[in-house]
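Using this note's numbering, the first residue of the sequence shown is number 72, and each one after it goes up by one.
Honestly, I wouldn't trust all of these hints.
[Said to hold, decoys possible] DMTMM-like, lysine to aspartate or glutamate: derived pairs with alpha carbons at most 20 Å apart: (1) 337 x 308; (2) 381 x 435; (3) 379 x 324; (4) 419 x 234; (5) 444 x 434; (6) 267 x 415; (7) 307 x 343.
Please keep in mind that the hints were generated in silico from the structure rather than gathered at the bench.
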Amino acid sequence: MASLVPSAPFRLVALTLALTLSFTGCSRAEKTAEEPVAPAPAAASSSVSSAPVEAAAPASSPAPTPAAPETAAAPAPAPVEITSAPHPSDSAPTPVPAPVLPTNGETLHVLVPAGHGPAWLAEAVQKETGTKIVFVTYATAAEFQTALPAADLVSIDDRQAAELIGKQQLRPLPLDAAPPAARPAPEFLHHYYDPKGLYTWPYGWTLLAFAYVPETAAATPAPGKAAAAPALRAWKELTKPGQFVTFPAGTDDATRQALWNLANNKLPADTEAFPEMWKAHTDADPAPTGLPPSVVRIDTVAALHSLKSKPGEAWQVVLPAEGSLLRIHHWAIPATAPKPALSEAALKSLVNPAAAARLAVEDDLGVTQPEAKKLLPPALLLDPLLYPAHPLLNNTRFVR
């Protein structure tokens with residue numbers, strides 16, 4: 072029987088053949104790695120073709136290394152047209168769906184001054200009570216009286232409160248049933264218009280101030296200098312002959328009289344006549360001929376505060392140290408409110424400290440609740456127009 076073990080000469084030939092094939096394969100791999108790959112033409116298909124590989128030489132003699140084939144010059148790539156998808160910011164914004172608020176099917180109409188009644192407050196009340204809130208605005212006393220019979224809640228100042236309470240047109244409020252955190256500080260309760268605190272819920276306050284644009288130079292400055300006009304700091308300075316002041320449209324004589332008495336250090340009940348200059352002009356009137364072009368505007372801090380940031384105008388807002396006239400804003404329920412239980416529930420939501428703080432910030436009002444004051448930005452509490460020193464507050468007066 073023949074042996075299965077190869078003879079020595081056969082093993083030597085096999086080993087030589089294996090080494091030769093191994094050497095030839097390595098040489099070809101190294102040569103291929105060194106050769107540059109010609110770029111494919113722009114119009115070529117995505118498949119890649121390679122040059123044919125030569126057959127291996129017989130095992131008896133090593134195969135010669137083939138010369139590198141000549142590579143034809145690649146055609147210039149065709150110009151590529153670049154197209155890009157639209158940037159997300161260029162497309163129309165994705166609409167944000169309105170929040171789905173709970174509802175009990177009821178609607179309350181809340182009467183507020185023009186410019187008040189933000190949408191977020193209506194949503195906050197509905198989210199808490201389920202009752203839809205519709206703000207109805209008024210700009211004049213006549214508009215207020217027309218809308219009052221159908222109102223479920225009203226926003227009024229102290230003078231309106233005095234009139235409505237005197238006519239028994241307000242419903243008693245459940246102040247004692249409110250959460251302690253929502254109750255106003257004692258200094259905002261029990262005033263002349265509501266001494267027992269039964270009909271009004273104060274939520275914000277402001278003071279009377281004035282604003283002006285200082286003159287940059289006197290009429291006859293010193294040689295080589297521009298003498299600045301004296302700054303206005305006191306109410307008394309606005310009572311000088313020739314001083315042109317304006318009040319908001321709709322300001323009544325009682326307000327002018329109260330401010331005149333304060334400026335001249337007279338008692339609130341004094342009836343000394345104030346000059347015609349304090350009576351005949353509003354913000355829309357031009358300065359009369361012969362008077363300085365600068366005009367002093369008298370209004371609440373809440374109304375004047377925005378002038379400080381008015382572009383291109385250097386308004387100065389002044390709250391005189393000798394005192395001011397105080398105005399307190401309240402929530403109240405009309406005696407004719409058709410749904411008093413729903414009105415009371417909505418009122419408790421309106422005076423939530425978080426809502427009261429945000430409303431005061433947006434309307435440039437001071438807050439009445441200690442808990443709401445804790446939620447204000449610290450920098451806001453340092454604003455002397457919104458939160459002046461206590462000596463000034465002690466010299467404030469109501470307009471009666």
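Hint numbers not upheld by this structure, sorted from lowest to highest: 3, 4
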